[in-house]
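Q: Build the full structure now, drawing on both the sequences and the hints.
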Amino acid sequence: MKFPAELKYTRTHEWVKMETETDALVGISDFAQDQLGDLVFVNLPVVGDTVTAGETLCDVESVKAVSDVISPVSGTVAAVNEDLLDAPEKLNEDPYGAWIARIEKVSATEELLDAAAYEAVTHEEA
Amino acid sequence: MGSYVPNSPEVQREMLDAIGVRSIRDLYANVPKKMFVRELDLPHEMSELEVRAAVTELAEKNRVFKTCLRGAGSYRHYIPAVVKSITSREELVTAYTPYQAEISQGILQSIFEYQTMLCELTGMDVSNASVYDGATAAAESITMCLERKRTRAYVSATVNPQVIAVMRTYCFGSGTSLTVLPAKDGRTDKAALKAALGDDAACFYLQQPNYFGLLEDAAELGGLVHAAGAKFVMGVNPIACALMKTPAECGADVAVGEGQPLGLDTAFGGPYLGFMTATHDMMRHLPGRIVGQTRDVDGKTGYVLTLTAREQHIRREKASSNICSNEALCAFTAGLYLSAMGADGLRRAAELSMSKAHYLAGELKRAGLPLLYRGEYFHEFVTACDARTAAAIEKALEKAGILGGLPVEGGILWCATEVVTRTELDQAVEIVKEVLGK
Chain E
0 MKFPAELKYT RTHEWVKMET ETDALVGISD FAQDQLGDLV FVNLPVVGDT
50 VTAGETLCDV ESVKAVSDVI SPVSGTVAAV NEDLLDAPEK LNEDPYGAWI
100 ARIEKVSATE ELLDAAAYEA VTHEEA
Chain U
0 MGSYVPNSPE VQREMLDAIG VRSIRDLYAN VPKKMFVREL DLPHEMSELE
50 VRAAVTELAE KNRVFKTCLR GAGSYRHYIP AVVKSITSRE ELVTAYTPYQ
100 AEISQGILQS IFEYQTMLCE LTGMDVSNAS VYDGATAAAE SITMCLERKR
150 TRAYVSATVN PQVIAVMRTY CFGSGTSLTV LPAKDGRTDK AALKAALGDD
200 AACFYLQQPN YFGLLEDAAE LGGLVHAAGA KFVMGVNPIA CALMKTPAEC
250 GADVAVGEGQ PLGLDTAFGG PYLGFMTATH DMMRHLPGRI VGQTRDVDGK
300 TGYVLTLTAR EQHIRREKAS SNICSNEALC AFTAGLYLSA MGADGLRRAA
350 ELSMSKAHYL AGELKRAGLP LLYRGEYFHE FVTACDARTA AAIEKALEKA
400 GILGGLPVEG GILWCATEVV TRTELDQAVE IVKEVLGK
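The listed protein sequences derive, respectively, from chains E and U.
Per numbering that gives the first Met the number 0, the first sequence runs over residues 0 to 125.
Per numbering that gives the first Met the number 0, the second sequence runs over residues 0 to 437.
Please keep in mind that the hints were generated in silico from the structure rather than gathered at the bench.
Heads up, a few of these hints could be off.
[To be verified] Derived DSS-like pairs (lysine-lysine); straight-line CA-CA distance at most 27 angstroms: (1) U:Lys193 / U:Lys183; (2) U:Lys60 / E:Lys104; (3) U:Lys65 / U:Lys394; (4) U:Lys148 / U:Lys193; (5) U:Lys299 / U:Lys60; (6) E:Lys63 / U:Lys394.
[Claimed, not checked] Incomplete in silico selection of chain E near chain U, CB under 10 angstroms: (7) Asn42; (8) Tyr95; (9) Leu112; (10) Ala115.
C-beta atoms are modelled at their ideal positions from N, C-alpha and C, and glycine is treated no differently.
A: And the structure:
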């Protein structure tokens with residue numbers, strides 16, 4: 000299981016990649032995709048929506064469950080990864096490449112975990 | 000009902016012994032005494048003979064007209080004998096959607112075939128297993144289109160008022176704003192539609208043919224709706240689908256309707272059948288059940304419930320609808336009707352209905368009842384007259400065993416289908432002439 004050091008994480012298993020000071024890519028972690036099993040559908044957020052850290056960003060559906068993806072940061076949805084509509088399995092194959100949304104005007108990043116801290120969380124849950 | 004298992008006193012005794020209680024009453028030991036009903040105010044029991052006599056007497060209060068020239072949402076079409084012969088088979092007579100669905104491969108296959116035929120009829124990509132009736136399907140279609148920032152629904156004033164009433168109930172419950180857009184000369188006012196749709200518009204619902212029988216310019220209206228970024232929903236008459244442009248060809252995102260014309264008796268209003276079909280993009284928003292075809296481990300064709308995660312199984316709080324069932328026997332009947340009629344038969348029934356309606360309209364015009372609206376129509380149309388004349392015509396026709404057109408604002412809404420004969424139409428027109436004093 001991978002926990003790339005350049006990313007930040009949440010206790011609810013999302014990852015954040017700060018591209019600039021204010022823009023971030025968001026996705027779900029390797030641990031999350033492993034727990035969910037084969038993903039079959041991603042209900043993407045809407046571009047322009049304001050999102051709040053700790054609240055629902057969107058949801059993903061696997062053969063086992065429909066799960067909320069919690070927004071790791073606050074901000075505005077600038078783009079969504081539409082490739083996932085036709086190929087939700089990318090979330091399984093390449094969880095850190097398959098971003099879900101790009102968030103701009105990012106704030107509320109104080110609670111994010113670094114890779115080591117997040118890995119510890121997954122050990123607690125596993 | 001050969002497989003019916005009676006619950007005899009012996010069987011009850013055995014079950015009570017097995018769980019270790021003396022009587023059925025003991026099962027209610029925890030219910031406070033005062034909660035028990037002492038005696039129900041019911042008449043004494045009757046023999047089967049007496050019950051039959053009583054129910055027959057009751058049923059005879061219903062007036063079934065030999066000739067019916069009224070539609071307005073419910074249509075009398077010919078139902079081939081094979082339809083009832085098959086639907087009355089004991090193995091198939093169940094109003095219920097299958098629970099433990101996959102064990103009931105036969106009923107799942109029948110639903111799958113129903114869905115397939117509805118997709119062929121509407122041209123849409125996917126169909127659900129049906130809902131309660133056309134009005135429910137219409138109201139559910141609005142819910143399908145709601146998005147976080149698009150919460151306003153629009154419906155044309157040319158839609159059946161009963162359908163709009165059910166939409167209102169649904170929208171009240173979900174906090175959705177529903178606006179009825181005005182009609183112009185019996186059809187949707189395009190300018191009003193264009194002006195109304197903002198960036199918070201979720202959808203526009205159009206009925207085709209509309210409540211007054213007229214054909215709307217569906218493709219153009221759909222274009223206006225899509226230009227505003229909203230979804231285009233069409234409520235269609237399934238028999239008319241055999242002749243007119245399909246909802247798919249008009250650009251509909253969702254196509255729904257009342258399935259009663261497909262082999263179901265008018266039967267005083269029910270049970271009916273709501274069909275719901277959608278584009279591939281809207282598939283995951285379809286409420287209720289969807290049956291899919293697949294292969295089992297041995298490679299044999301099998302049927303499963305599919306794409307119903309939200310409503311029933313995994314995450315119910317994400318559901319946008321609480322429909323978990325379908326109108327099983329009615330959907331099965333519609334599937335059988337379509338099979339029995341075939342594509343050519345259905346087209347023929349549609350053509351006959353349309354030409355008889357046009358014949359009737361021509362004769363009524365000669366009798367002194369001109370059309371209220373101009374424009375193409377299918378098997379319904381409105382003739383112009385005042386309310387008093389409309390009532391007098393209805394009454395005179397009723398005396399002759401004819402259910403006349405429905406009095407509506409500005410005149411009478413007539414309907415003719417393939418089951419009425421020219422003799423019946425001529426007889427009705429003669430009576431109209433008499434009422435008008437011609």
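Q: Would you list, in rising numerical order, the hints stated earlier that this structure does not obey?
A: Hints 2, 5, 6, 8, 9 and 10 contradicted; others consistent.
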